[in-house]
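Asks: The whole structure should be built from the sequences, with the hints applied where relevant.
The lines below spell out each chain.
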Amino acid sequence: MDEHSGGHGNGNGQASISQLLEERGVSRRDFLKFCSAMTAALALPATFAPRVARALDEVKRPTLVWLEYQSCTGDTEALLRTANPTVAEIVLDILSVDYAETIMAAAGHLAEENLDKVLKDEKGKYLVVVEGAIPMKDGGVYCCVGGRTALDRAREVCGGAAATIAVGTCASFGGIPAAAPNPTGAVGVRDAVPGVTVVNMPGCPLNADNLSALVVHYLVFGKLPELDAIGRPLFAYGKRIHDNCERRAHFDAGQYVEKWGDEGHRNGYCLYHMGCKGPETFHNCPTQRYNEKTSWPVGSGHGCAGCSEPQFWDTMTPFYRRLPHVPGFGIEKTADRIGVGVAVATAAVFGAHGVVSAMRHKDTSDETKED
Amino acid sequence: MAKIVVDPITRIEGHLRIEAEVSGGRITDAWSSSTMFRGIEKILKGRDPRDAWYFTQRFCGVCTTVHSIASVRCVENALNIKIPPNAELIRNLIIGSQNIQDHVIHFYHLHALDWVDITSALKADPAKTASLAASLSDWPLNSATYFKGVQDRLAAFVKTGRLGPFANAYWGHSAYKLPPEANLMATAHYLEALEWQKDVIKIHAILGSKNPHPQTFLVGGMAIPVDPNSQNALNADKLAEIGRLIKKSRDFVEKVYIPDLLAVASFYKEWAGIGAGVGNYLSYGEFPDPANGTLFFPAGIVLGKDLSKVYPVDQKKVAEYVDHSWYTYSAGSGKGLHPWEGETEAHYTGPKPPYEQLETDSKYSWVKSPRYEERPMEVGPLAKLLVAYASGHKPTKDAVGFVLNKLGVGPEALFSTLGRTAARGLDCLITAQQMTVWFAELEQNIGKGDLRIHANELWEPSTWPAEASGCGFHEAPRGALGHWIRIKDQKILNYQAVVPSTWNASPRDHKGQRGPYEQALIGTPIADPNKPVEILRTIHSFDPCLACAVHLYDTGGNELVRVSVR
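Same order as they appear, the protein sequences are chains D and U. Sequential numbering of the first sequence, starting at 1, is according to our numbering. Sequential numbering of the second sequence, starting at 1, is according to our numbering.
Don't read these hints as lab results, they were simulated from the structure. Source: prediction; values computed, not measured. Don't be surprised by glycine CBs; every beta carbon is placed ideally from N, CA and C. Check before you lean on any hint, since a few could be wrong.
In the DSS-like style, the derived pairs of lysine-lysine whose C-alpha atoms are separated by at most 25 Å in a straight line are [what the hints assert, rightly or not]:
#1 U:K352 with D:K137
#2 U:K248 with D:K293
#3 D:K259 with U:K238
#4 U:K159 with D:K120
#5 D:K223 with D:K123
#6 U:K159 with D:K125
#7 D:K125 with D:K223
#8 D:K293 with U:K198
#9 U:K148 with U:K159
#10 U:K247 with D:K293
#11 U:K269 with U:K305
#12 U:K45 with D:K137
#13 D:K259 with U:K491
#14 U:K42 with D:K137
#15 U:K448 with D:K293
#16 D:K259 with U:K448
#17 U:K255 with U:K269
#18 U:K248 with D:K259
Coverage of chain D stretches by chain U, computed from C-beta distances (three or more under 8 Å per stretch; other residues unrestricted) [unchecked claim]:
#19 136-147
#20 257-268
Replies: Written out as structure tokens, the structure reads:
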């Protein structure tokens, strides 16, 4: 590790990020604006912005490789929509993205050569992003790239990295391919590649601004942010959607949408009765929003689906069924305590798919009762 | 004979591998293989049909709306639900903007680097680049200063010695024909398009909360409330923003995308004689009129490149074969099954990874082989436009005529790699121009006081019949997409999708007929077998989307339900 750059420089005497940005026509002012936005995304006090700027000034250009396995490419697409377009994109570009199947110009064995070069030249220094789940069943034949299984390649690439970032719910927890009955034995990176440092950035797809913030955190502080019990950074997953929701006042006042398009729906009432999973979901959607903060699901009239929670495809469905047991008014528990509860429940879900199926059947009877 | 293997095919959605035999500088045989499988349709079984759109949306995050649309249409068809006009128009706007944004991203970010050598852009004269650009359109950024700025940024990037995603490509290959100025212009627009796409797709965020994966579709309508007198609904303020974004998307398509497409195409006219493929074309049509369901782009079939006749689509004639796919049928090999009767047992018989070559004489892909009356069919913008052109659809006839005239070629040039790429641009242009019509209709309808966005009557599953079946069709950016559902006791009994890239990427069938990718590669020239950029040109001209293409069909019953394509 390079002491001067906090362990992520490549040590070949390159220009700092702010210099590179200037060469690319990004003004100092835009750069500082970006640093402020990142500071906010990281849930740091605004006074940290100069520190973020200073740290980025000193950081050299680390390498990032982006692996894609059992995915829909939604997380790559999310990356293309980052909310601080010019600068964030360039910062990610400045990371030297040496391998990313969806955007890279090289193909075939020449593409794989690029990845092999990183493994050799940047050992222990590069960052890996993984998008998509990794199938474990039948020797991993359900996902191969360049004739090698995802499992084989991911173990090699993540094993030699400084850190691995699992983007999206599939790479974090298995996601949709792992939904019952999990036909291919799909799992998240932590389960497929035990023993390596993995940060989980779930969401379906992830909010790419949170990824930018994570990378900035790593560059600025020289370490990974604090994580919850299931590997998610607290700055983005430390609070419940329900507790930060713009419609919370309507929940507390007992004002609910009862039918799509009714008066309550048109007036922004609470979507709890329409199946909103905000009360059981930890994510910063209400504040971070999507597409340059244009909107987010609840803001546009549809309930939260709980997409940043492990196995939400089984535990949060049917999506339009009202959650049972959402307690009364106010913020009744700290995020930490609920986080532990969620983690324990998750462990149980991971344990047996039979449990998941049982839960789904139970959902059915609940729904019938409510209806 | 030694094979060329390209794996991974990059700049696509998903995992695709191409193996090809080359003799005398041309491809003599080719095999298309998908190497990833998830099995989402099996996962759908037993779930609430109203949730299906959310699951199927995850078939693909690139064409991120298409499976939601096909899914809600499919369930609505099964339950006989008619959605309100606002919902239909909002869907048209979402489909249209998906189409426009997706095509532009494909052209600039997934396909352009097959034709554009960005390293050559460093040698360009910015002033000459500006005159070239100005001769093509009056786009405001066509100045020497602007192109000089882009060139400087590019030079600074190259100077770092680390080309990131641009490293190790086929730069300097003899197949690149553009002069440096055209390369610089295209590189500038590559970067511009990256900014543009982020902005215009906010139409999805306004109407559907976010993109990718808008969260707004409902069986029976849409979840975005409409109310000019509320700040929590689609109101005049939000409509104005959508209007701005529609204009911005159309401007870019008219003044940048289409001129670039024509400029690039004029240097690669020989590709109008390469990559023809199977010559059969299927389109489901798209953009229903909320009043009567009439489709703006008509559905139909063109066979054997014969534009004098358009056949109606009959979904009963679709069948899938697995003779070269890693599945088994209970009735044995050589049989095709209609999706309603579909069954699948995933059964990998390929080489044990790591492998060098697939066993292409037997089974070699996770994609099945859909066939229409036993014929392989090409789907996508070219099929959509050929069907519309042959049906006499005026906007299509005008647009196609304009381009053929501009390039000085006849309609036969359409059956090619270049024709496919050009058709995508024209599809984008026609759709971008039509967006203003749907937008005006939506404004007028809201202005009349119609605030309905959802047909509530059949929302509760308790109101449904014990059993129902349906199918939904959508002409997605990559072509003809169909979803089929069977519902029993308010749950999904069986769910199936036959998607565009399944048609196009399919391996050989029971008769040994090649799939469209495979057939299109035959005869493609290969200048350097170690750098087969020509394979990328033809494969990318289809805009592959492989995560979509691979499905698992469950055992269904024997009941055949007759549903026609609307």
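Asks: Now tell me if each hint is right for this structure.
Replies: A quick look at each hint next to the structure:
no.	hint	in the structure
1	U:K352 with D:K137	holds, 13 Å
2	U:K248 with D:K293	holds, 19 Å
3	D:K259 with U:K238	holds, 22 Å
4	U:K159 with D:K120	holds, 22 Å
5	D:K223 with D:K123	holds, 17 Å
6	U:K159 with D:K125	holds, 22 Å
7	D:K125 with D:K223	holds, 13 Å
8	D:K293 with U:K198	holds, 12 Å
9	U:K148 with U:K159	holds, 16 Å
10	U:K247 with D:K293	holds, 21 Å
11	U:K269 with U:K305	holds, 20 Å
12	U:K45 with D:K137	holds, 20 Å
13	D:K259 with U:K491	holds, 22 Å
14	U:K42 with D:K137	holds, 16 Å
15	U:K448 with D:K293	violated, 31 Å
16	D:K259 with U:K448	holds, 22 Å
17	U:K255 with U:K269	holds, 22 Å
18	U:K248 with D:K259	violated, 35 Å
19	136-147	holds (count 10)
20	257-268	holds (count 7)
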